[in-house]
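K.L.:
If you want the building blocks of each chain, they are given just below.
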Amino acid sequence: MKIVQIIFVITLLVLFTYNCSIAQDSSKVVNNYPFYIGLASGLTTLTLTDVNKLFDDVVMVYKQAGFPIKIQRQNPGNIIFHLSASKDLSDVSTLGFRLQHTWTSSYALYSDAIGDLDLISKLSVSKFDVYYQLNLTDRFEPLLASLQFYSGFLSFNYNLTTESNVPLLPELNSKSRLYFNKIIPCFELLVFFKYKFGIVGLSTSAGFRIASTSKVYAHSSQDDIPYDEGEIDLDVNLTGLVCLVGLEIAL
Amino acid sequence: MSERFLKLKTIIILFTTFLILNSCDLTEPDRFYNSAPEKQQNGTIEFSELDESKHYAGFLRIKFSLSDLSFSTSAIKIYIDEQLVRTFKSSKNIIEFDINTATFPDGLHNINISVISDDMGYFTLLGVPVLEFSKQIYFDQSTPEPVFITGYEWNGNHPLLHWNISNSLNVKYYFVERSTGGYYSRIDTIYDFKVDTYLDTLQIKAVGENLAEYRITTSNGEQISNSNTVKIKYGVRLFLHLFQDFSRNLCMNIENKNQLVNLATDSSQLNIIEYNNGPIKHTIAGNNFRALSQNYDNDNILLICNTPEDNLKKLNLNNYTLTTLSQFANKLYYQSNSLIKLKNNRIFVLGSEFQLYDLDSGELLDSKSRIGHGYPGEFCLVPDSTIFFVYSDYYIYKISCEGDSIYFLKTIFTPNVGIRNQKYIPYINKIAGIIPPNLIGFYDPSTFEKSFEYAEDTYFYPSHFLLKNNFLYVGYTLSYQTNNMEGIVIKYDISSISMQSLEKWYFKKPIRRLFFPEEANRLIVFCSDESVWLLDLMEGK
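Which chain is which? The protein sequence lines are A and B, in order.
Under my numbering, the residues of the first sequence are numbered 1 to 251, in order.
Under my numbering, the residues of the second sequence are numbered 1 to 541, in order.
If we strip away everything but chain B, and leave its shape as in the complex, we get (with noise of 0.2 Å):
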């Protein structure tokens, strides 16, 4: 019992000892020193687009992130030279804010950046910064000097402006400004002040006087100041006009002289056009024309004409004088509307019959009937051959003329269809022709076989087609308007049957006819507005 109360006795008295020692309330505790404030703190500051090369007018963004900060912050004061002119109170380190700059006098001034600890006693309660940053920064409220744009140039599809920056320092941004009618509108904005391009990919390149008109306003946020202005355009308009324009019969390009002999609906005149330097037009009037030969050679082309003592002429192109070849008096039948000039001096002439002619004598040499009399027909000459191929009534015929007869080699029929403006391309020994409403076909001139057939889009509708070496030039009708254009011209290709697209032309309005000229990369197009347009296919590139 007494071992008992011995042990309880200990027991009480350590814990009393205990109780003594460790929790009295005699003393007060010892004082706790915060000593973090006078510790050098770290952490770096990021301006952005602030550029201490750039002045600044207006209204101007401060935008800059903290990083590496060894403490985390209660507020973020900023400070312009002495004036504080935002607190932040938050623990964000990405800081984004607008100042007017009018407010504070031109020149140089001092942004600086007080970091203010969340966690530094009197330090934190009284905004004690414990981190500091700054950055100099130029106030210009003057007037910015306007660019000056030098030109412009066709990139792709579209206008690639270039302008002598503004030599002002404190341009806020260019605003890139268009006009297509009257007033002007902005369709860009610009911030890097030592851009010098612009490329309008909203711009078709569109054949047109005057597609659009641009300016550049430099603009410092507060005032603005405008360039010059510049008109973009492509194409030379050519104001010529074709009294027919869709039959071969009716209409020739003489390529090496720049011409055009045109024949109008009424027989009443022969137009000859020069558009290479501007219109010359040279009308022989009152000869009862009726259709022109589908060829021509030695500046001379045929003629067919509605009296019978004159049934065939020759006009010649250097001097556009007439002759009558009188061997041919009454002797072309009156619906004789179309006319070709083979190899050898001979003529094939399709009227109600087809008829081959020697040219020097007028004999007749041999004649074939044809197979309905409606549409006058298209020639198809293979260079260097006596083949050719006439589409007519919706019969294609492959021909030959070898010595003094005519051969049908081969009628097919193309009910409903029909095959127009139809041309050999030797480059893949290939007829071509379009194929209403959308196709362009491609036959075999041995076989007359269809080899492919092409349609760009279902709702591009080829009108008119040119060879030139190994590129194909299609004039197309849009029948849904892309970028407010009616009408494109698309360069192929044909190297393979892929027709790649290699680029692309859009007009106003539908495509008529195209002509090539003499000169090299240049093109005529014909719309139905009656417009002409002469591109300069190299321009832009």
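Chain A extracted, bound-state conformation (with noise of 0.2 Å):
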């Protein structure tokens, strides 16, 4: 994995530089550049397969134990917001940076005559990176191709919690915990369509991103009371579908 991001860094470094120097080159063009603070909201997908897999595994456990328990939701692509500022180094690149904020969230709840059983996980990502792109058309185009090299970090924050409520035994109720809390690097490549409307600044966007994967380790708690549950790991791979719609303003 760790070859992947070096080579992916690599190429990003390669193809700044080269978009550098064509920025060099045509220096009267630069000062036409202007500077763009970007809010966009939209919806994306994240493949998380670990996370869904860990997810699946906890709701076998109580299948086996005899609970007809169905998952109602699993980690639905959502809402995602999107903060930007980037200035064009040429007709074919910009640099920037980029925050973003996602959730999602996975259920299995369950009900029978004597009790609730509720298997809830709840999954955030905020990111904090900086993106070269590389435009494939006419940035004058309303329809922009482009190629967006990210690099940052990422903020992961993940709970799976199993929560039993049976009101004739109390003693049988409970509340878990597993969480996962990191900030870890990242790399991304999107592959970006972004079409911009008559309107000043309004612009909608599409695109797939493909992200590296980074291994994060679990903490437990049991009532709220840490335990240890032994070494749990997940690979966390945002890859994705990203559409988002927004406003792009030039100062």
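No lab work stands behind these hints: they were computed from the structure.
Beta carbons are placed, not taken as given, at the ideal position from N, Cα and C, and that holds for glycine.
A few of these clues could be false.
[Stated by the list, open to error] Distance ranges between label pairs, derived from CB positions:
1. B:F97 x A:A113: 27 to 37 Å
2. A:Q222 x B:E28: 15 to 25 Å
3. B:Q223 x A:S220: 44 to 54 Å
4. B:E132 x A:V61: 27 to 37 Å
5. B:S67 x A:S155: 56 to 66 Å
6. B:D98 x A:E171: 33 to 43 Å
7. A:E171 x B:E28: 19 to 29 Å
8. A:S220 x B:R61: 39 to 49 Å
9. A:N173 x B:E28: 18 to 28 Å
10. B:D98 x A:S220: 42 to 52 Å
11. A:Q72 x B:S67: 29 to 39 Å
12. A:S220 x B:T87: 22 to 32 Å
13. B:R61 x A:S174: 36 to 46 Å
Each chain sits in its own coordinate frame; assemble them with the hints.
P.N.:
Okay, structure coming up:
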């Protein structure tokens, strides 16, 4: 995995260096390249293979114990908030930074005549990263196709709680939590299409994100008392689709 | 170009809308409510080996099977009254286990079977049954009342025991115990307490006064109580003794008097033995007897003596008086060993030659030379005929004494084999005899050709046989012990040459001689160990 990350960074640096040389050659045009502030919101999906598997495994434990529990929802695509600042370096390249936040969750909620059993996982991801954009089409066309290379950090926060509620037998009530909370480096390659509407600054964009993976380790608690669960790790994989609608203001 | 962008814009908007409507994680989803445990669940239970009419003691095997369940099981819990005695955490539907009933007080108890589904959430987790069954059983640790053996009978070749069953309801099984030598061993277990008979197929109907002793032990699984005992026997032992039992010339069965006339081999005494109601021995000593006639009539039997002046005597079987037939003084050869009385008051004597005498006058009517001078000879009469057969020194003579002469009708030589114990069988008009070592041969009396021969088994050696109506009783010596027996008597139906075996009687020792008393269906068997047995041939039928 590290090799992939290194290759990714090197590729990003090579592209950045190449793009800077183009910018120096056309110094007359550089001053015409504005600085953009972008605010957008939209939808994104996350692959989360390991996260889903962990939830499936926990559900399976209860199924084997006799609960015909069903997963009502499992980490669907969800809203993403996006804030970016960027400056075009040339006609074909842009350099910027980005703040993003999204979240998703999984639910397996069970009830019978005796009690409730809730398996809920909540995941949130906040990113701060720098990106380099390589335009594949003319940047003055309404539809812009580009490749974006991101490098930065993300805050990964995942909680998986299991809560039982048995009114007749309060001693069976319990709440256990398995949580992962870590800031990890991230690298992304985004294949990106942006369409600018006629209205000033309004654009919509869509892309497919290929993200690097990182390993995170779990902490556990039972009724809010931490305990050692043993080493559980997840590979965080945030690859997925992203669709945004937002405003981009040139300064 | 603008058309293409318009299409793309539309696709993006539609796709985004689709994701918003279907995928967004904005509200908590609907909870799944499992109502299955509250529904009526179905199934049947079948108990094996549990009888509500019985009482139980000691360890009890509880076995049941569940079927037609509308759910799959995760656990089956068994309670006796309110006490959990066993939990089976498996999906198998046939349950089998033991409980010790002694840990519960005597009396009526409820067995409750709780069946827990494997797919019903908290009902499964907490073991809440979705189906329950119950059965009542009675525990009783008291010692069971013993059975009473009422007797036995012979069923075929095996004893069939009868008893009155125990009145106790907590009988678990009966042990059938047999003793043949001082201690009892369990030979079988009967689990049905209503059974009141037992056929011991391992015990052969052998002749003996104490073949085996039986008792039935009643058990409740913990305690036992023994029944009375019963000894099985077959036949009645007679305390008779034959001084010489092989030769016809030395032993005569007087059927109509239930007597045996037996001449001691040293010629010192003549014994008259009654075998009907116990032995009464009459002994006539000091007459230097040599041989008995091989037939008798009018309660008289002829005897050859060694003394020349008293060559032939007549024994009255009613009063055991001896009369000297003086007309035979100094007439019979010293070597005369066999004698038979023919029709028309003739006697035929076998000595160094064949001689025909008139019994009244003692006149020698005819004589013929014989071949050989060794073995005394055996006669075989054809009733109501002047034809008879003599076997002597491996020769068989077919003789007719029509008129005053001896006619040799046929003479055949049976080298190295011989034929013994010939008898005429009117039913099939054959002469039968034992052909050593293991054959019974059947001859045509007119041609004296062998019709057929029969061997029961290669290792069954016939020693003697008797004829009664169309049944042949053959006594055998067994070369290899069968069921610890060395002798056997087999009854055959001789109406066909298949010699169908009808019945068998085993003996501990080889058979020497068979006799029929006057009464029908009784048989006297002499064995090689000098034991004598009276058999009721109808016993056990």
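K.L.:
Now look at each hint and say whether the structure bears it out.
P.N.:
Hints and how they fare:
no.	hint	in the structure
1	B:F97 x A:A113: 27 to 37 Å	holds (31 Å)
2	A:Q222 x B:E28: 15 to 25 Å	holds (24 Å)
3	B:Q223 x A:S220: 44 to 54 Å	violated (60 Å)
4	B:E132 x A:V61: 27 to 37 Å	holds (29 Å)
5	B:S67 x A:S155: 56 to 66 Å	holds (59 Å)
6	B:D98 x A:E171: 33 to 43 Å	holds (34 Å)
7	A:E171 x B:E28: 19 to 29 Å	holds (27 Å)
8	A:S220 x B:R61: 39 to 49 Å	holds (48 Å)
9	A:N173 x B:E28: 18 to 28 Å	holds (20 Å)
10	B:D98 x A:S220: 42 to 52 Å	holds (44 Å)
11	A:Q72 x B:S67: 29 to 39 Å	holds (36 Å)
12	A:S220 x B:T87: 22 to 32 Å	holds (31 Å)
13	B:R61 x A:S174: 36 to 46 Å	holds (41 Å)
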